[in-house]
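Take each chain as given, in its own frame, and dock them per the hints.
Respectively, the protein sequence lines represent chains A and B.
Number 313 in this note's numbering belongs to position 289 of the first sequence; there are no gaps in the numbering.
Number 243 in this note's numbering belongs to position 241 of the second sequence; there are no gaps in the numbering.
Among the clues, some could well be false.
Said to hold, decoys possible - Which bits of chain B does chain A cover? Going by a derived footprint, with three or more residues having C-beta under 8 angstroms, they are:
(1) 57–63
(2) 81–88
(3) 101–113
Because the hints were derived from the structure by calculation, they are not lab data.
No residue lacks a Cβ here, since even glycine has one placed at the ideal position from N, Cα and C.
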Amino acid sequence: MSSTSLTPTRSRGAFKDRVFWAVEFIGAQFLGRCATLASILAILWATAILAIRPTSWTRPVRQVLARQLMFTCVDAAFVGVRFGAAVGVLIIVQAALWIDALGITTDIIMPILWKAIVRELAPLLACLVVIGRSGIAISTELATMVVGGEVEVLDAQGIDPMTCLVMPRIISVVVSVFCLAIIIATSMVVTGYAIGWGMDAIRDSWSTFLDGIVSQFNSLDLLFFVPKTIIAGAFAGAICCIDGLNVRGTMTDVPRVSSRSGIRALTAVFAVSAVLSVLIYGRLLVFKIM
Amino acid sequence: MEPNNLPAVLELRNVSFEGNAKRSLVLADVSLTLRQGELLMVHLDRSQSARDIASMIQGLQQPRFGEVLFQESDWKGSDFERHFKMRSKIGRVFDDQAWLANLNMTENVMLASEHHGRDLNEVRAEVTELSEQLSLDPPSWERPAFVDSTRLQMYQWVRAMIGNPSLLLLERPMKAVPPLWLPKLVAAVNRLRQRGAAVLWFAGNSSEASAELIPPVAHFRLVSASLQPIADLSLAGPEATL
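Isolated chain B (complex conformation) (with noise of 0.2 angstroms):
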């Protein structure tokens, strides 16, 4: 990636980590920095899950070594309202569980919004408008296993973008949603980057590393527990498809 001068949003510093499920990546000593408006995709194999290191990126598990900074500040220590505080700056879609059963959708969907203080109408106001670019019906009274899978997953899409975040993590975010979506997902988050989100978007598929994405977007796949730059992207993996 380009170097800039912009502020950097996450920094990995030598990381390892090893996560608890089984499916979970595996990192040696990674090192990176995403700044302000950048994009970097991760091309997943279908048996790599992103889950455990999306969390230690929020500091919810700790690396086995290295640190995890995220707008210059870390996850260590027990100043639990600061972590709390640095987690409502960054949005994320789940690879797998994603709601809480016992809410409606409106309710999921509006929970973190409305639970870090901000207006209830501002926040109906941001939901509407991102469900009408995404061509999708503001979130209903129904619980989320009520709820068909393809638009669960574009909720989770509305849920990760409201409340401009500063990061934003896209484990799979095309899971479950047909190919046509893809090109509202990317006017979505290119949106965000132009107001200076920095986003970890690990791909389930390799048509997922869109054209209309804007510069500047780095691609890379972990091999041996390391990140490898993909130059070519016909061959982010065989197997990278849904």
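Isolated chain A, as found in the complex (with noise of 0.2 angstroms):
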């Protein structure tokens, strides 16, 4: 009888005891997100504050993000167009499917079209491009520079890390990105046209093309493709910093924190793009926000 008894309570107890367990780490997971979007925010405002200011670009500052830029964005120029071709291809012959399959004509899928690319596939490829090619660099770099002691000889010297490392980085990430994407974007349409009038599926001449894309252009496109160029990248960076400068540990601790960092900088970009696509159309999947 007493075991009969105590079996209810015991799973009440186990019950209450999961609930709990749940609770507090959801909680905890909340507020670990939290700190981590408070870092990086803390990270953007301090870079934000020392590039408007003049004394911080000193020659060696300049130099930094001449380099960072000559490696992440004109570098990766090239990458860009071989990844905006390919996609290109990938984009027309969607486009013929459709066409083909609901008896449209190219009028009305060019602006669909054109609106994929500009808001949402040449920043997200810009990103991935600059992601996979730079910012694992940064946060491999920056990771190398605290253990080997080289962060601490700069800051012996009375040179601040903040000014001479992370803000150059995240200013050309940004910048890189920004660029990266109109290049992305120039690389899909002109692939795009090129294959299309090669597979006789598009017969306008290159300028009426041309034009019928300018035509598409609304203040609308411009309102997301900045923004969301520039936060995105500014997030990436940022990430890719904090991430390589609070490497703790010997330099076999470089490759971990540089591979996690990678995926958190992409988790950050996708993140980014949801919700800056909610606040700009004011839309949260289906449902109109009010």
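Below is the structure:
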């Protein structure tokens, strides 16, 4: 009898424990995410403050920015063109399929493609190129500098690592994402036209095709393209720098930190894109936000 | 050390400190004052590292108790701008890692001076002059990984001494350098002291206590976490060799 009377009490207690554990876990995760977001915003704020101060732009800082821009933007331009060309082919194939399946004309499909390219695909692809090529390299470089004592050497000479290491890197990532997104969007459109014209899917002349695209361009595209590239780029740069500088341990910890940094930056880019879509278009899934 | 009326450059007031590394020196309730032109030489055992203590003196690590003052300013608070300016007046020769691997030697040596807004031509002239005084080729365009350890160490001397620092921290400055170069280093340090710099020299070898060092010079070693003056330099420690 005693055992039967104890069972429900024990299971109620175990259930309660599980609920408490779940609530505690969710709370800890939520607070952890809030702390991460706060540190990213703090770094971005400090970067903005330092960037507008003329005294921050000493010759060594300008050199760091120039080198980083060269690596992240200029050297990545051809990668952006290749990515854009490949995705442009994919898009034109998809467009041809839709035209055949729905019996619609290029006049109808063109605005949809243009909006997809400018508002979503080009900024995302630019972020992928920058994170894959430079973001991981930035976190690796900074982590190696921390573990090797180079950051302490800078600090000991009165050089602020935030001014000399972090600020130029974040700015270069932001500028690079913006520029590469333009390059990728251009590459997609040109390749799409070339392939479509070659396949006889597009019969308009280049100037007509270009006029059609330009006429589709409106202020909402700019409103979406500029903040999306800049904010997503800033988050990616800040995450890579934070992860690199927060490394603890030895040189063998550096690769682990770098790969984690890449994943975290990618996650942030997708999250920022989603949030910006919701905010700019005022829609959460199919429901209009009041 | 003889008391004098010159301004204090470095003051440690009842400092207790324990570094992060195993080889770090430990301090317990240590007080000292280093004034302009004075040199204090701390003789280290082979097992001791002064890196953490030098970092504490520069405000990069905090003592457990007590306070560190550089030119009568402390390292407390969050006025980082002031802290960076204070550090720009301290020249330092590091015991271990001392260079940025992705910069060449010229960039490395001139980095801090350029960052603190000094005229580039003036810095170049000073580096060339100091290199000549040390019988050293001016820094090259090679990266640190491709420069031999002796020249690397001597370039540290150049970097620490340009810009007329108020305080010079030397952590085993003769590490990897043949003893015949010691008179050159001592002469350069003497010139700096005559211009008013104070020097804290963590010696890895008792032979670094050159007779050519101009007074006032005091010799200490760390025993049981406190600084003990050394009267007889031959007792600076049998292990005190590199």
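Hint check results:
1. For a cut-off of 8 angstroms, the count of residues in the stretch 57–63 of chain B with a CB near a CB of chain A stands at 3, and the three-residue condition holds.
2. Remark: the stretch 81–88 of chain B is confirmed as covered by chain A, as 4 of its residues place a Cβ nearer than 8 angstroms to a Cβ of that chain, reaching the required three.
3. Given as covered by chain A, the stretch 101–113 of chain B passes the check, having 6 residues with a CB less than 8 angstroms from a CB of that chain where 3 are the minimum.
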